[in-house]
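Peer 1: Based on the provided sequences and hints, a complete structural model is requested.
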Amino acid sequence: MTTAMPSAGPHAAPPTTALSARSLVVSYGHTPALRGVSLDVARGEILAVTGPSGSGKSTLLLCLAGILVPDVGEVGFGDRCISAESEASRSRLRRGEFGVLFQFGQLVPELTAAENVALPLLLAGCRRKAAITAAHTWLERFGVDELASAQPSSMSGGQAQRVAVARALVSEPEVLFADEPTGAMDTLAGEKVMAELVRVARQAGTTVVLVTHDAGIASYGDREVHVRDGLLDEAPRVTATHVASGAR
Amino acid sequence: MSIGHVLLGLLSKGGRHGYDLKREHDECFPAARPLAFGQVYATLERLSRQGLVGAVAVQRVVGPDRTVYEVTAAGRRALDAWLADVEPPAPHVANPLAVKSTIALLVGDEREATDYLRRQRRAHMDRMREYTRKKSDVAAPLNEVLAADYALLHLDADVRWMETALQRVTALKKEMSR
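Sequence order for the protein chains is A and B. Sequential numbering from 1 applies to the first sequence in the working numbering. Sequential numbering from 1001 applies to the second sequence in the working numbering.
FYI, nobody ran anything at the bench for these hints, they're computed from the structure. A few of these clues could be false.
[To be verified] 27 Å max Cα-Cα, derived DSSO-like pairs, lysine-lysine: (1) Lys1135(B) x Lys1013(B); (2) Lys192(A) x Lys1134(B); (3) Lys192(A) x Lys1135(B).
Being a predicted model, the structure only gives us computed values, none of them experimental.
Peer 2: Here you go:
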């Protein structure tokens, strides 16, 4: 069962909004991780969430992806209020509309690369042959097709991460959540994966929430929000005073 | 960096006149300030006086005569020596970012400095997105990709410095308000 977001009122998200967060507060014990974060992510937007380690940026991603329910506040996806939905319902969302990708690919060690990538399709009821064929296409897109029969233990960190990127995208999610997706890669490999990820997302109209501490990776996004001490760090706008002093 | 050495480098591919050199320079270094014609001709004259280039022909198509220059053996040796030499690693302590932050702390308070750093960080990120878009274009030529890489990594270093500065200034404020 899904819960609808209140459709009217000051916090209603516009229809072009894919995700919305309203006043999110999360604490781990006595340690505050988010202290009242609100933001909207537009459909098809590639949003980079940056910030120093421990700033709360990964917690924000976990809330937006429905993995973590905030102590206070609401997370909306389209007209659904997912933070009020059951774990089972949020879990279904992550097998369908949401793709999730973490820094360490979390591949299933017993499966080959192709089987790992095919897994989301198999879980969604796709036939094995079709799923494996699709997996090969995605592995090729990210330059690791030659590893199709390899198991994760025989791959480098960067190779495993590319397989994980392919797996996160194979089911063509509406929203991709990626936390440090190029963490284990060298600069050129990371760049190649980011360029392809952005290309695929643009083509499919996928919304991407990209968490990274790396400004270079963040620059692949359309927009950046910076998290500091559990709050969005909004850069102060240039005021008339600044303009006037700049003109001197 | 010396424009003379850059012109010697461009000329090492074969004889060129000043107009072509200016055009090639601007194409090769899209992130650099375009060369002024006056600067090109003055540099060629100097290189010629030093025996590093020589005038080999005069071309007249339309408009004024154009002198074609080639690199001499001495010019090639000078170019090789320049290429073999490392540049002094510049610490850039006089960078306007650092200077402005320090002045903001002097004339204002912690808020003045952090506001500046946040605005500057946003401007840097906007510029980084531009360069990333440029180099992500599959049709981008290698020299543009290299120039974008160079700019991006330097901007990235600035952003990291700004991040550290923000953390330091905030920590200092916490320390002082204890």
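Peer 1: It remains to establish, for every hint, whether it holds in the given structure.
Peer 2: A quick look at each hint next to the structure:
1. Lys1135(B) x Lys1013(B): Status holds; Cα separation ~26 Å.
2. Lys192(A) x Lys1134(B): Since the Cα atoms of Lys192(A) and Lys1134(B) sit roughly 14 Å apart, the hinted pair holds (cutoff 27 Å).
3. Lys192(A) x Lys1135(B): This hinted pair holds, its Cα atoms lying about 11 Å apart.
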